[in-house]
Structures are given as C-alpha cells and as structure tokens.
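Engineer: Given only the sequences and the hints, what does the whole structure look like? Please build it.
Number of protein chains: 2
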Amino acid sequence: MEISEVGEFGLIDRLTENLPVHNDSTIKSVGDDAAILRYGADRDLLVSTDLLVEGIHFDLTYVPLKHLGYKAAVVNFSDICAMNGIPRQITVGLGISSRFTVEHIEALYAGIRLACEIYGVDLVGGDTTSSKSGLVISITAIGDCAKGAAVTRNGAHDTDLICVSGDLGAAYMGLQLLEREKIASAGHKDFVPKFEGKEYLIERQLKPEARRDIVEILAKNEIIPTSMIDVSDGLSSELLHLCKEGNCGCRVYEDRIPIDYQTAVMAEELNMNLVTAALNGGEDYELLFTVPLHMHDKVKDLDGIKVIGHITKPELGAALVTRDGSEIQLRAQGFNHMAPVQEVSTEPDNSGDKD
Amino acid sequence: MEISEVGEFGLIDRLTENLPVHNDSTIKSVGDDAAILRYGADRDLLVSTDLLVEGIHFDLTYVPLKHLGYKAAVVNFSDICAMNGIPRQITVGLGISSRFTVEHIEALYAGIRLACEIYGVDLVGGDTTSSKSGLVISITAIGDCAKGAAVTRNGAHDTDLICVSGDLGAAYMGLQLLEREKIASAGHKDFVPKFEGKEYLIERQLKPEARRDIVEILAKNEIIPTSMIDVSDGLSSELLHLCKEGNCGCRVYEDRIPIDYQTAVMAEELNMNLVTAALNGGEDYELLFTVPLHMHDKVKDLDGIKVIGHITKPELGAALVTRDGSEIQLRAQGFNHMAPVQEVSTEPDNSGDKD
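Which chain is which? The protein sequence lines are A and B, in order.
Sequential numbering from 1 applies to the first sequence in the working numbering.
Sequential numbering from 1 applies to the second sequence in the working numbering.
It should be emphasised that the hints constitute simulated quantities derived from the structure, not laboratory data.
No false leads were mixed into what you were given.
Just so you know, same-sequence chains aren't split out, so a pair can sit in one copy or run between any two.
No farther apart than 27 Å at their CA atoms in a straight line, the calculated lysine-lysine pairs in the DSSO-like style are these:
id	residue 1	residue 2
1	K66	K189
2	K28	K66
3	K28	K147
Structural biologist: Structure follows, in structure tokens:
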C-alpha cells in the first residue's frame, strides 16, 4: 500500500496503534505535541522530536543556513510551549552531504546556538554523520512544567473559549513571497528581491519564534488552558485536532481571526483569499488553546491573545462563521510533508524487501 | 574547509566548543554516550540521540527492515547502558522516500516495537516525514539511573582495571560475510548465501543487543565503574576515548581479548588478522569499563565480563601488549561515518550560502 493512500496521520495511527507502556515514568505517550514523562515529584518532563529534510521542509536557495538552524530549534521549542512547558534542553542530529563545508555547518549551528541562547535552552547532545543527499536535521527538545500542568490536545469542552496568540497567515505569505522572488531571480545574476514593506512576512517565515512568553503570561495569570496546540500546519488543521481529540465541535469567527496588515496586502497582491491563507497557511507557531468560559474576563484583555470562537457539542461540527453569518465547514488543508516526492536513487534497488 | 579535513570528531569539537549551560537540570552536556539531566531528587536522566542514514549506516540489500528497526532502537539503548543507566523511553523520527510502502514502514516499526518490548522501553513520540532519497531514522533514547550513579568516559585512573563484556569482532566479521555473499549473489536470481556455522556472526551484525544485563550485574554486585563506553566503533577507538577523556594511558593484552570461535574461523577464511578485527571492528555494542584495582576479586569471576588490561599514567600511551610481549600503539581505525560520500543532487545548487 502506498503511503500517500493513508497520509502522514494515517501512517502514524497505524504505526502507533496499541503501544504498550512499561514504565511508570511514561505519563503520556504518542499523539500530542510532546510526550509527558514523570521522573521527579515536582516537575513533569516534556519530550518532542522533529525531523527536517532538505527539499521537503526547507529550500536552501532562499533560506540561509543560520536561519535554518534557528528555525529548526525554535520549532521544537514551540512543541514544548504547546504543552504549557518551558524548553530546557535539545539534542541535534545532523546528516550532512559532501557539498557542505565546515563553514556551512558552523553557520547552521550558529543559528541553533543563537536560538538556545535567546530561549535559555542547553544543547546537550547530538550525532553528526554523512548523508547521501542533502541535509537532514533531527532535533529532540526536552522541557518541563509543574507536575500535572502539562496541557494536552484532548481537554476542550463545550462552551470553552478558543484563543490564539499573535497573528496568522504571515509565515505562509512570507513563503509565497520568497517563492515568487526565487522564480523572478532565475537567470538574473544580480537580482535584487523586492521585500520592502514586507519585512514582517519574511521574518515570520525565516525566523519564527516559539511563544514561550505566552506560556509565562498564562502562568502569571493562573490560566491553565483545557487544551493547547501550536499552529504549525494551519489554524484549520489544528482546530480539527483539538475537536477530534476533545470529541467536540467549534465555531470560529472570520472577523476575530488576527491578521497582520502586511499579510492582508500580500494576499491582495497575490489575488489570494485572505481568510483561506490565515486558516490554511502553516508555520506561524502561534499557540491555539481553549479556556473555560468563566475565564472570559481574564483572557480578553491579555496582550497578544485573542478570543476567536468557542467549543461546541461534537454534533455541530467544526465551522468558520463568515462576516455575513454563514457557516463554512473547516477542512484540514494544512501542510502535508508526506506528499509523494520523486525518489532520487543512486543505485539499482535489488532488495527483496522493497517493491 | 572540507569536513573530511577535520573528521567527524573534529567537526563535533568545533561545533560544541564553549557551549553555555543555562539550566540547573543540565548536569553533563555533550561529549559522552548520553547527556545527564537532573529533574528529580532521586534519579538522574540520560539522553542520547542517533541518526541513521540509508547508504551510510545500513544497506537494505541485506538488512531486513525489521532487523534494521530492532538494531536502530538497541544501538540507542546501548548508549544509555554505557552511562550505567536503564533505557526507559524513545522517540522515533522517520524520513521515508517514495519507494517505501506502508508495509515496509510497518516492518521497520515491528522491529523497533520488538526491541522496546524486550527491553521494557516505551515508544513515546516521533515524527514521520518524506525524504528525497532513501530512509532516515532518528532515535532519541531516555533512560535513568540512581542520582549520581551515571558513569561518564572521563573517570579512569592509573592502575584501574579495564574490563569488557561479551566478545569482540563478531559483528564486523558478520558484516564481511554479508558483503561477501552480496557480491557473490550479483546476477544470480536464486542465490542461496552460505551462512552455516556462522549464524552467530550474522546475528551479531543484524541483531545486536544492548548490555542492559551487565548494568544490572554491576549494580547487583555494587560495582560502579570509574569510566564506561560502549564498543560501537571498535575497541581501539573506545580505549583511546577513555584514555583521552581520563587523561591516562592503557595496556591491554592480546591474549585477554575475548573472541568467539566463529569470529576466529571467519578471520582465517578471509585471511584477516584476528586481533586487528577485534580491535578495529565496530558494532559489537559490548560495554568497556574501568574499575579500581581493589575490585579485582569482585570482577574476575563475573559471568560475561573479562579483565583485558589496566590503566596507566598518560605518558605511557595506549598500547596493545602482544602474545610475545611487544607493544603496539593503539590507533583509532574504527568506523568513520563522516567519510566523504558522493553527493546526489536533484537540482542545480544556486544558494549563495554554499560553494
């Protein structure tokens, strides 16, 4: 069976079905932004892994290696924040093909180290090896939170408020802009890309940040969300995760979705539907979470957090309420890193184990 | 600068120079088999990451996917054991190219799950994505030990005894055998490889085990080694690590190195020097450790552990004492996974960041 038939999530479901648990220290296994482990009496541990592959997750034509390193680290920090945790340590595995020099890898590492410095995270281990094709970056992040304070994807309840930090769609628009300028640059030696007035979009795409500050704001205001996830694949996809895991529905309001001015201008230029971009564009790494209705007064005035809708009973489904009051069913059209990709083969494949 | 000029260890040294530590929970950072973290009052945590790349670390022509999954997991468990710890959890990152089907990945996972079952380890998370070329497996293992009981590479002292578990060189001979039969099979459709009488070598190569049992035997006998490492790159290379990190020298005795009968027969067949194979062949995943001299009576009769030499002052260097009493300086001729590999490029490389 082709993997594309079942998709990334379908494959993961098959692989992780009925996973046994042998250790008391394993509190929550696969299926969330991070696993929850309990090795001490006071703190819970959070562990998350990401694998980034050249040509799938990044294009070195327009992503400087230092930015790539920064982003690779931050994306993992974001997974820890999405559990209501603070990232503390990472390990870094690198697969490096022969076209990379020591200086290239040092630039990549400079980005990883900068992210660690800014977020107070320790780089504690790794593995460095050759690769036959391009760059592979594997990062595992470890973080912690107070015992029992980790927030999973599955706790949303009917009438809970849906909140999101920052704004959405900018990273996706940054990607569109970079792609446009890449095409425009083809064959022009001294090409100067047009980024004026769109710096925010480029920054959101090339140098995203993990919302550790939001985790701290929530703690300071004694708000423990009922469910939380980071927006890596797009708002629509993440809302559907929260609804599926919490066995509930939701309504989010078009006019409540936070969108930056530059995102709107870019969508106009590209003749794209702005709300579609905000719903389906990935890589914003904002935090999407739910809180009980009675916390409305607590969250409504928090800087950088916006209430965009509410949780419903499951039978109502997940929908966007447009400005004119009509409802559009939400669909997961987020990033699919399991989409079929042309294989690059270096040698005849004569393994009996493969097709 | 080409990476081959500095080598894997040289590159890692450059990348991890002067790494800052921000968190009290980071006890030991890079430079050992695993990092040591302290999140609780009673137990210390051990974290290790490995990245395995098709064509570099494994050849699917003769490694069944289930065996590969088993080995990928066990190799990481071995890193935890090498710190005197017990593996508890792993995360698994997979990069999968389009030639793999759902069934292939399920076979790989079956091996990972079997290893977890046998070793009592929980698979707690992962990431699954596409790859442009072949299979990439990234595993992070987490384990634990009593507070302060982790054994690093740097504690060996003059007069300490050098011990090793099991026997050496068999995994390397298994690889030679598999390579020989692969070449012999070329162009023969119904080729039957000749493995009779050499099953142990094949098993050591395809289905290695982590010496969790040795960690338990040491604990039961109240032996805390002064230094420890697992034999992944070859005895010579690992001894040099212990000497460098502990600022000492060593003498190991040719006639004390444990070698299985099948390993000896195979070396004879291939006209290879047996001791060279035992010193430089990798992937045995035995534990190499040092204990204070006064523990001689405690370790000498332990099942599966052999005293092969002793630690010396650093000025004496690291040497093998041959059967005739002469000394041969040890050199690291272990596996080098950073050896230059032919790049497979799918598209013109026009990044300004690369050469």
